[in-house]
Each structure stands twice: as structure tokens, then as C-alpha cells.
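Enquirer: As a plain string of letters, each chain reads:
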Amino acid sequence: MPELEQAAPVAVAEPAAAAPAAEPAKPAVGRYFVRFTRAQRYMHAVLFSTFLGLAATGLPLRFSESFWARKLAAGVGGFGAILFFHKFCALLLTLAFLIHVKEVFQRGIFHREKGIFWGPTSMVGNWKDVKDLFGHMRWFLGLGPKPNFERYAYWEKFDYWAVFWGMIVIGFSGYAMWFAPFFARFLPGWALNAALVIHSEEGLLAILFIFSIHFVNTHLRPDSFPMDMVVFTGVESEEEFRHKRPMEYARLKKEGKLEARLGQAPATWLVNFSRVVGFTAIFIGLTLLVLTLSAYFR
Amino acid sequence: MKHAFSTWLALVVFAFLLLPVTQLTAQAGPDCLSCHSDPALQDSAGHKASVDGHAFASSVHGSLPCNACHADIKDFPHPDHIAPVDCKTCHADQASALAGSVHSDGKDHPCTSCHGDAHTIFPKTDARSAVYPLNVPRTCGNCHSSDGMAKKHGLPNVYPAYMDSIHGFALSKEGLLVAASCQSCHGSHHILSHNDPQSATYKTNIPRTCGNCHAKIDVDYEQGAHGHAVMRGNLKAPVCTDCHTAHSILQPTEAEFRMQSTPICGSCHKDKLSTYHDTFHSQLGLLGGYVETARCWDCHRAHDVLPASDPRSPIAQANLVVTCGRCHNGANLRFVQYQPHADARDLKRNPALYLVRLFMNLLLGSVLTFFVIHTVLWLIRSRVDQLRNGSGQGGNHA
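Protein chains in written order, with this note's numbering: chain R, 1 to 298; chain W, 1 to 398.
Derived by calculation from the structure, the hints in this document are not laboratory data.
Take the hints with a grain of salt, since some may be wrong.
Cut-off 25 Å, straight-line C-alpha distance, at most; resulting in silico cross-link-like pairs (SDA-like, lysine to any residue) [said to hold, decoys possible]:
1) W/Lys272 / W/Thr201
2) R/Lys87 / W/Ser184
3) W/Lys203 / W/Lys173
4) R/Lys71 / W/Glu292
5) W/Lys272 / R/Glu65
6) R/Lys157 / W/His277
7) R/Lys87 / R/His219
8) R/Lys131 / W/Ser382
9) R/Lys71 / W/Thr369
10) R/Lys244 / W/Ala316
11) R/Lys131 / W/Glu292
12) W/Lys270 / W/Asn212
13) R/Lys244 / W/Gly233
14) R/Lys244 / W/Ile380
15) R/Lys131 / W/Met259
16) R/Lys131 / W/Ile380
17) W/Lys348 / R/Pro188
18) R/Lys131 / W/His374
19) W/Lys203 / W/Gly100
20) R/Lys244 / W/Val376
21) R/Lys128 / W/Gly154
22) R/Lys157 / W/His281
23) R/Lys102 / R/Phe117
24) R/Lys71 / R/Leu52
25) R/Lys131 / W/Leu273
26) W/Lys272 / W/Glu256
27) R/Lys157 / W/Leu364
28) R/Lys244 / W/Asp385
29) R/Lys131 / W/Gln260
30) W/Lys236 / W/Gly154
31) R/Lys87 / W/His277
32) W/Lys270 / R/Ser66
33) R/Lys71 / W/Leu273
34) R/Lys71 / W/Gln260
35) R/Lys128 / W/His328
36) R/Lys146 / W/Gly100
37) R/Lys87 / W/His328
38) W/Lys272 / R/Lys102
39) R/Lys131 / W/Thr369
Just so you know, these numbers come straight off a predicted model, no measurement behind them.
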């Protein structure tokens, strides 16, 4: 994801003054820093809602022999609705993907913005990510200190590239099946067979990964439990920023850019709304995960 | 004078000719009814002994005197116990056919059990007859329904199944006299067990039996692989009833039949069903409602099923574009290289597909294995850290 330091829409310089009044119940009286722009949050919202839609309408097909497949299909609105929703979500997600790719290339190549393809704010992996991975594992086992993470940690980059690769693979195989006679003009016959294998296996991987690994790594681990709201509100507290991404915090401070990232404490309605949406998404995801596992290990 | 004599002679001859007839009717006609028309009349055992003279007169036997059947009654008063009526006396052919049938036990299956009350038997073309085509299922159903004696003999409860079938609907709803009812397939008097090679419902005879009405389908079937196999004596090959069932036959274009048919083919073609289940055709089809997706016979045809090596087969290489094109607009030569029964688990048959699946499975397995371990270790470590140092007390970002 392109970084946002230059583009951060900072509105108020003294958020600390407004925050306590808005949220008296919360001890957080400190400063808030912007991590995601509005566009990035919308992108995530489109991504997870279409993904949930695709999963809910794809799983009954993938496990059509399971006891719940027909019930789930009926719940979505019968068979016709399943295909319609699946294709509808697919088109929406494709559009979001294309907009993102356009954005990345526009900023990285045409505007020659720094930090898109390399550097500490880029999504592209680097040597530090490898070191962090091993360092993190050593820390798990109590063999070393916890690594200081930058703006995007290695597992976050993995999430990003897994989704990136997944969308290309699932999307391409999906369209190949949707418009099979057209794709058959340039693909060999067995590719049509392979398309379903690839589509369903990669889809399954995405579902299992997002609904277990991503949920736990990003939301359910003790550091963020029960949900990391930053992707909904766009901001996080100074304390959390420093705890989770100490290297980015230090770098911004050193470069004198920290204040430029200051944001407003999120409004109560936004927090509550985000909680409802977030927990609904997690609930749907975990339900689908249980159904998937029940069908897989039946 | 001569004229008067001849007139007299003619009258005498006529009177003599008439005499035995009038004597007989006088003996067992209206005279019998003088007692037996009493609706309350019973014999000493308590059996009903009354006869409705009008109904009897209109029945197929109405012109016969009573003792044509009750032959042991010679005069009045007749003995209390009279011999059972033997229909065989007149209906010898039917009786001998019945004697060799599953209904041969006269005690359990008297003629009246199908033909109804002995004194009101009508010809089978008469709508009042118990064996009029539209009445046959109900007549047989008297026994062959769940409460009947079919239960006693371990026979399936066929009556409701038949009534809900396409034949049953044609008969009961449309009133089609040509609709198949029980005797169309089983015969009437000479009904044999389906295990008897002489039976119309013996496996190898079924195509001909159904073909009595479905002549074109019988011809198609006998040209197909299944028909050939059955004619060669392979009793495992399916005949009509194996796919359509015997009694609960559905309209084959109906959703319910399309939903239930694939497992029927799959009960023999297990490997084909398994590979079919891997395809989009099956995944869509199994969800129900969307019944248009290809089932076995949409590609293979139902009756003249032929191997791909036969140029007449819809799945012969040269016919695939047409066959697939029936659903897939724009199907071309490359499109039809798609294998509807590809086996991604078979390296020899589908090497490319096998490798694709292997790669995907390895990818899925390795990514998930690594990250599950990673996440579990992380969770434990974070919790320990949290308890020990009080760090990371949940998200505080909002």
C-alpha cells in the first residue's frame, strides 16, 4: 500500500484538547496519529465486504456435497442469487484492485513519489523483513529481543502480497470460467479444468488464511485484542504507535515529521460503528471458517 | 283347414321351444329374488345373501340365470350350504392363466377381489367396472398399499408411489385411458414375479414391456450400450426401471428427477460420478434449484448411450462442439478439450492438472502450516510478555 506521509490529511494540531471531552470513559488522553487515509480505509472496507460476499457464495459451491451447502445457498437467496452475488462481488473487487494498481503506478512511476517501491514505507519486501522474521521467531522462543518494526511489518507485507497474488490468480481463473468459450480461444483445453482447481484451492487458502491467521495476527492477539480499530478509524494512539511500530515512530521523530502525522481522536459514533462492522465481519468470517473446516475434515 | 293346422303346429313347436327357458327363469330368476332382494338377507353364517336385481340385470352376467353360476341349486328350498361359485366353468382361459400366477391362491385372491361384487361385474370397457383402466390402480391398491396384505408379503407399498408418478397423474388427473396402469406392465391374470424370466417385468423383458407404449425409446435403448449389454445377458446393465424406477416414475425434465438422476448413473459408474463431483457442473447442480447444469444424460443422452469411440455418440470427438454448444454459446474446438471427467488425482491421465493441484495443495499446506505455528508461538509469547511486563494491554487506538 502506498505510504501516506506526504498525503496525510491532518486537520487539527491540538487533538489532545478535544479528545478527553469526546470520550470521557477512555483513559486515552494522549495524541492520535494517522496511519491510514480515508481512501485506504474505504479500500479495506470494499475489500473485506466483497471478500466476505465471495466467500459466503463460493463456499457452498466448493463444498456442494456438505450438509450446509444447500442451506447456505438457500439463505443467500437460492442458487441464482449465489451466482449473481459472487459475480457482483467479483466485479466490485476487480474494480477496487484496478483502482489500487492504477494508484500505485501513478504515484510510483508518473509522480515519482518516493517510498512506493522501496524504502521503509514501501510494501515491497526488503532485507530488514527477513531479519525481522527470524528475530521475531527468536523472540517467540525467548532467544532474543523483540524486533523494532517499521511502518509495515513482514507479516503485514505478506498479507498484502498474498491478497495481491490471490486476486490475480483467483480473478483470472474465475473470469476464465465465467467466459470459458472466449478464454478457450487462447488457452488450452486443460487450462479450463485447471481453472476450477486453482480457483477453488486458492480461494480456500485465502479464506482459511484471512479467517484464521489474519484475524488473529491483526485483531485477536493480545496487543490488539479484541480488534485493531486503526483500519476503521484511521488513527491510533501515540502509545500504541510507539509500541507496535517503534522504528517508524523513531524515524518520523528523527526526521521531524511526527507532528505532520497527528490526527484527531476518533468520534464516538465512528468507534461504535466500526466496532459493529468489524465484529460482524469477524463473526461472519469465523462462522464461514467453522463451516469450511467441518466440510474439509468431514 | 290345412292352414289352421300349420299355424297350430307352429304355435306348439314355439311353445315347446320356449318351455325350458321359461321353466329355468321361473326356477332361479324372479323367484330367487323374491327372497334374495331383501337387503337384510343373510345366510346362517351371517354373510350377506341379498342381490340387487336391477344392478345384476345391467351387469355383464345379467342375462344369465342364477343357477348358471350357482349350479348346485336345483330346486327350492335349497340347502343352507351351497357350493362356492366356480368362475372357471365359463372362464377357463383366465382361470388357467391365474393358476400359474402370483395370485394363484384362490382363497386369498378370489376373482371378486379384483372384479368386485359378483353380482355387479361389468365389462372392462364400462366405467363402472373395477377393472376399467381408470379404476385399476385403486382396485390393485386395495391390497398393494401400505395397509393392505402387500405388507404381509413384504412387497413394496407401490400404490401411493404410482399415484404420484407421471403415469398415475396421467391416469388420475388427465383421465388418459392409454396411461400405463398396473396391468399395462404386469398383465392381468397371468401376473408373474419379476424374478420369473417369463414375467413382463423380468429385467430383460422390461424394455419390451415399456416399449409397448414407448416404442421409439425402446428402439433407441436397444441401440445403446446399455441395451446391448442387457441383450448380451449382462444383468448389471440398467433397463428402464433402474433409472426411472418402476412405480415412482417422474417427468424426466422435472427438477426433482434431474436432481435424483445423477447418483443413479453413479451407482454403477462410481469413478465417473467422483470425477463429475469435482467439476463446476456438479457443484452448481448439487445446490438444487439450478437444475439446468449438465447431468449425465445431457451429454451422454439417456437411452442410446454410446461410447465416445462410436461416431454416432454425442461425446464422439467430432460431435463435441455441438454437444457442448447446446449450453455453451460459442463453444469451439479448444473449448471442448475441457474434460468433464478429469481426475486431478491421477498423474497418468491428467498430468498437467495433477501438477497444478499438487502445487496448489503444497502452497496451501505450507503457508498455513508456517503461519499457524508462527501465530500460535506469537500468541503464547505475547501473553507471557503481557503478564510479565504488562505490555500491550489490548488495542487502545480508539
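Enquirer: Now look at each hint and say whether the structure bears it out.
Expert: Hints, verified against the model:
no. : hint                : result
1   : W/Lys272 / W/Thr201 : violated (29 Å)
2   : R/Lys87 / W/Ser184  : violated (51 Å)
3   : W/Lys203 / W/Lys173 : violated (30 Å)
4   : R/Lys71 / W/Glu292  : holds (19 Å)
5   : W/Lys272 / R/Glu65  : holds (16 Å)
6   : R/Lys157 / W/His277 : violated (37 Å)
7   : R/Lys87 / R/His219  : violated (29 Å)
8   : R/Lys131 / W/Ser382 : holds (19 Å)
9   : R/Lys71 / W/Thr369  : violated (31 Å)
10  : R/Lys244 / W/Ala316 : violated (64 Å)
11  : R/Lys131 / W/Glu292 : violated (55 Å)
12  : W/Lys270 / W/Asn212 : violated (32 Å)
13  : R/Lys244 / W/Gly233 : violated (77 Å)
14  : R/Lys244 / W/Ile380 : holds (17 Å)
15  : R/Lys131 / W/Met259 : violated (56 Å)
16  : R/Lys131 / W/Ile380 : holds (21 Å)
17  : W/Lys348 / R/Pro188 : holds (18 Å)
18  : R/Lys131 / W/His374 : holds (15 Å)
19  : W/Lys203 / W/Gly100 : holds (20 Å)
20  : R/Lys244 / W/Val376 : holds (19 Å)
21  : R/Lys128 / W/Gly154 : violated (78 Å)
22  : R/Lys157 / W/His281 : violated (37 Å)
23  : R/Lys102 / R/Phe117 : holds (14 Å)
24  : R/Lys71 / R/Leu52   : holds (17 Å)
25  : R/Lys131 / W/Leu273 : violated (50 Å)
26  : W/Lys272 / W/Glu256 : holds (21 Å)
27  : R/Lys157 / W/Leu364 : holds (18 Å)
28  : R/Lys244 / W/Asp385 : holds (14 Å)
29  : R/Lys131 / W/Gln260 : violated (58 Å)
30  : W/Lys236 / W/Gly154 : holds (24 Å)
31  : R/Lys87 / W/His277  : holds (22 Å)
32  : W/Lys270 / R/Ser66  : holds (19 Å)
33  : R/Lys71 / W/Leu273  : holds (23 Å)
34  : R/Lys71 / W/Gln260  : holds (18 Å)
35  : R/Lys128 / W/His328 : violated (52 Å)
36  : R/Lys146 / W/Gly100 : violated (93 Å)
37  : R/Lys87 / W/His328  : holds (18 Å)
38  : W/Lys272 / R/Lys102 : violated (46 Å)
39  : R/Lys131 / W/Thr369 : holds (20 Å)
Violated hints, listed in ascending order, are 1, 2, 3, 6, 7, 9, 10, 11, 12, 13, 15, 21, 22, 25, 29, 35, 36, 38; each of the other numbered hints is respected by the structure.
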